[in-house]
Amino acid sequence: MLVGGDIDPSDYVAAVFERIEKVEEKINAYITVREREAVEREVKERVELARRGRRLPLAGLLVAVKDNINVKGLRTTCASRMLSEYISPYNATVIERLVEAGAVVIGKTNMDEFAMGSTGETSAFGPTRNPWSLDRVPGGSSSGSAAALAAGMATLALGSDTGGSIRLPSAWTGLYGLKPTYGLVSRYGLVSYAESLEQIGPMARNVRDLALLLEAIAGFDPRDSTSLNYRFEFGELVTAVERFEEYRFKVALLEDLVEHEGVDERVRRLVYAAASCFEEFGWAVERVKVGEIVAKYALPAYYVIAMSEA
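In the numbering used here, the protein residues as written are 1 to 310.
Read the hints as simulated data drawn from the structure, not as lab findings.
Keep in mind that a hint or two might mislead.
What the hints assert, rightly or not - Beta-carbon label-pair distances, calculated as ranges: (1) R287 <-> G262: 17 to 23 Å; (2) R52 <-> R287: 50 to 56 Å; (3) S133 <-> A284: 35 to 41 Å; (4) S225 <-> E286: 32 to 38 Å; (5) S196 <-> N229: 15 to 21 Å; (6) K289 <-> V267: 15 to 21 Å.
For glycine and all other residues, C-beta sits at the position ideal for the given N, C-alpha and C.
Produce the complete structure using the sequences and hints provided.
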């Protein structure tokens, strides 16, 4: 819409910054917000390049970045006082790729300190609040990215996920987010929590945007020894969203996890309702059991691995 002229770049930037001025004090989603003039200048430049024919799939779109991902010239605090004055001298690979795709970083978002948390309450800069209900948490550790996106203070967001840190806040704030396959997205420039588990991933308000953002940041990086030498055009999945019912996939429903005593009955009903929707589309839903050992020890095993690598 920016490239096509439906929305004026200046009006777009103004609307987002006005939203920040209106609600950020209550939500506390950002640790650092860039100067409006610099952001507007970059948005206009990238939209103009796209209008002249350069392929920039994210031209001018404002992206909120979790504050454990390095952005040159901005603070990378990891929501800790220990790093409160650290200014990154370089860009993470995902930031380089965002710029190549035409996106503009608007700011660095709040998080659980060093990504060690799942509620957004452990930041040295204060807790992040859920935009939908200020007395509730937004989930973590990518709390600020989720809150900024849900509150209209950004168009796209990046988070990092070790054991749910993108997926939890996305679910709790009504967004879409995923933890990419290990090695699909470079971790170069990420202040990592657990090396063998963590991935940078996309967050968006719809599946189409999620696919475009993932396509922009995914790909091999020689600076990351765990990077996969593999390329997939995730943008092709965007058109599939409109033809959802034409596809015939198999979905596994981990029945014994859904039936676990710790699962809220309302959540259980929603999972089964989603499975029924897939079946109505003609997809095969296979109910499988992971087994008592996995169900009982998967989470403790995760904590042992994560804590030993932290």
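How the hints compare with the structure:
1. R287 <-> G262: 17 to 23 Å: At 19 Å between Cβs, range holds.
2. R52 <-> R287: 50 to 56 Å: holds, 53 Å
3. S133 <-> A284: 35 to 41 Å: holds, 37 Å
4. S225 <-> E286: 32 to 38 Å: holds, 36 Å
5. S196 <-> N229: 15 to 21 Å: For S196 and N229 the Cβ distance comes to about 19 Å; the hint holds.
6. K289 <-> V267: 15 to 21 Å: Since K289 and V267 have Cβ atoms about 19 Å apart, the given range 15 to 21 Å holds.
Hint violations for this structure: none, all hints satisfied.
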